[in-house]
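Engineer: The lines below spell out each chain.
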Amino acid sequence: MAVSGPAVRLLGEDFSPTDELAAFTAAHPEAGGIVSFLGQVRCEGGVQAVEALELKHYAAMTLPGMEALAATTAKRWALDGLLIVHRFGVMRPGDPIVLVAAAARHRRDAFAAADFAMDHLKSQSWFWKREKTAAGWRWIEPRADDHRDLARWL
Amino acid sequence: MAVSGPAVRLLGEDFSPTDELAAFTAAHPEAGGIVSFLGQVRCEGGVQAVEALELKHYAAMTLPGMEALAATTAKRWALDGLLIVHRFGVMRPGDPIVLVAAAARHRRDAFAAADFAMDHLKSQSWFWKREKTAAGWRWIEPRADDHRDLARWL
Amino acid sequence: MPAKLVFLGRLEDIAGMGELAVTPAPLELVLAALDPALAVELLGERVRMALNGSLLSDNEAVVLAEGDELAFLPPVSGG
Amino acid sequence: MPAKLVFLGRLEDIAGMGELAVTPAPLELVLAALDPALAVELLGERVRMALNGSLLSDNEAVVLAEGDELAFLPPVSGG
Numbered sequence: 001m002a003v004s005g006p007a008v009r010l011l012g013e014d015f016s017p018t019d020e021l022a023a024f025t026a027a028h029p030e031a032g033g034i035v036s037f038l039g040q041v042r043c044e045g046g047v048q049a050v051e052a053l054e055l056k057h058y059a060a061m062t063l064p065g066m067e068a069l070a071a072t073t074a075k076r077w078a079l080d081g082l083l084i085v086h087r088f089g090v091m092r093p094g095d096p097i098v099l100v101a102a103a104a105r106h107r108r109d110a111f112a113a114a115d116f117a118m119d120h121l122k123s124q125s126w127f128w129k130r131e132k133t134a135a136g137w138r139w140i141e142p143r144a145d146d147h148r149d150l151a152r153w154l
Numbered sequence: 001m002a003v004s005g006p007a008v009r010l011l012g013e014d015f016s017p018t019d020e021l022a023a024f025t026a027a028h029p030e031a032g033g034i035v036s037f038l039g040q041v042r043c044e045g046g047v048q049a050v051e052a053l054e055l056k057h058y059a060a061m062t063l064p065g066m067e068a069l070a071a072t073t074a075k076r077w078a079l080d081g082l083l084i085v086h087r088f089g090v091m092r093p094g095d096p097i098v099l100v101a102a103a104a105r106h107r108r109d110a111f112a113a114a115d116f117a118m119d120h121l122k123s124q125s126w127f128w129k130r131e132k133t134a135a136g137w138r139w140i141e142p143r144a145d146d147h148r149d150l151a152r153w154l
Numbered sequence: 001m002p003a004k005l006v007f008l009g010r011l012e013d014i015a016g017m018g019e020l021a022v023t024p025a026p027l028e029l030v031l032a033a034l035d036p037a038l039a040v041e042l043l044g045e046r047v048r049m050a051l052n053g054s055l056l057s058d059n060e061a062v063v064l065a066e067g068d069e070l071a072f073l074p075p076v077s078g079g
Numbered sequence: 001m002p003a004k005l006v007f008l009g010r011l012e013d014i015a016g017m018g019e020l021a022v023t024p025a026p027l028e029l030v031l032a033a034l035d036p037a038l039a040v041e042l043l044g045e046r047v048r049m050a051l052n053g054s055l056l057s058d059n060e061a062v063v064l065a066e067g068d069e070l071a072f073l074p075p076v077s078g079g
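If you read the sequences in order, they're chains D, H, Z and P.
Read left to right, the first sequence gives residues 1 to 154 (our numbering).
Read left to right, the second sequence gives residues 1 to 154 (our numbering).
Read left to right, the third sequence gives residues 1 to 79 (our numbering).
Read left to right, the fourth sequence gives residues 1 to 79 (our numbering).
None of these hints come from the bench; they were simulated from the model.
Beta carbons are placed, not taken as given, at the ideal position from N, Cα and C, and that holds for glycine.
Keep in mind that a hint or two might mislead.
If we take Cβ atoms under 10 Å as the criterion, some of the chain H residues that face chain D in the derived model are [as the list claims (entries may be wrong)]:
1) 43
2) 51
3) 130
4) 149
5) 151
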């Protein structure tokens, strides 16, 4: 039985979600189920298409905040393992932004943990996003949806 | 924009969830989020450890039922893509049993679709499971949990 | 051409076979010709039947015709 | 040793810089020395402050000491 704390990484360079998830799965043969969420920069057409996306973080708070979120998530559900990988910096369409994976004996725990972690990463983590379209760079304001998502867990 | 129906496969031989998910992700660059669930035969110790698991299916109904489930799932949420891969036959600890992946513009749709598909695969699909432990082969009865999970969607 | 009974899940173990060719007839007559212990299991409350891949509703009268495939489905426990 | 102001998100664009070294002093005095347009943004209702990595509660009096790092955090929009 692998007993290990959550793994949290904040990366300034591109990563392979496939390799990350394969390694995580291999590390948790005792888990009956593994749920993953991959968020990536959308490839879209048209004048509103995003050409690049930049996530800024704040060294003093962003990774510590992610680690606290991972600890909270791991405490709330019965997990065999939890992985959170998040990019900062400039990304292009198709690039992965965030990967969350939760391994658990019971499927429901894995789903809920991944869902919970994503809702909080989206709306409570210290990231600031701007997007570049044909019209130039533009800072993104938080979406009302993100706050609604968060309220589900209260 | 890739427009394709759900992909449903019923396999009698081992498959690579990593390769399947990598191909699915590559096919959906327009999706902002991809949620996956991987169910695998648990590696456990002790006398109650499962040495092998067998899933029997019924050709006249199992795949058609999975295809109907995929169509229902794809209709209920706004998805860019849906993948369901399910094993039958004899599996060993660590072998993948089922992989569900849902790609969507919005995270919540992808989570809900994967969750819904798994709940229904577990409790409404035409599979019969038996496990081999040190005590021999034993047929598995449905779990009360599975029916509770299903009731969430009514 | 005979009809066919299909035994799924643990019913296959009880029957000692996965399939059985039978003479087309009303289901009562087909079952009366089987080992009574097996017939009792096939008629169990939690066993459903499917004719040629379509689920039957409870208490539906079944008459097997030539080439028909009647499956006995115990509760599922998949995935 | 000076203290440091850190401007996150769109505040970096407005400030034209990510960080600014300032003389340790009560926050009012530090802000009074900045471009008024920037100071107004920094005091915006939705901007939170963190001192040395810890969030401050609203209306908390801040006096910057030597080596302190005060960050101005607009609403997040991550992931």
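Engineer: Confirm or reject each hint.
Structural biologist: Hints, one by one, checked against the model:
Given the 10 Å rule on beta carbons, the hint for residue 43 of chain H holds: about 4 Å separates it from the nearest Cβ of chain D. Taking 10 Å as the C-beta cut-off, the interface hint given for residue 51 of chain H is violated, the closest approach to chain D being about 14 Å. Look at residue 130 of chain H: its Cβ only gets to about 17 Å from chain D, farther than 10 Å, so that hint breaks. Interface restraint check for residue 149 of chain H: the shortest CB-CB distance to chain D comes to about 7 Å, inside 10 Å, so the restraint holds.
For residue 151 of chain H, the interface hint is violated, since its Cβ never comes within 10 Å of a Cβ in chain D; the closest pair sits about 13 Å apart.
Violated hints for the displayed structure, listed by number in ascending order: 2, 3, 5.
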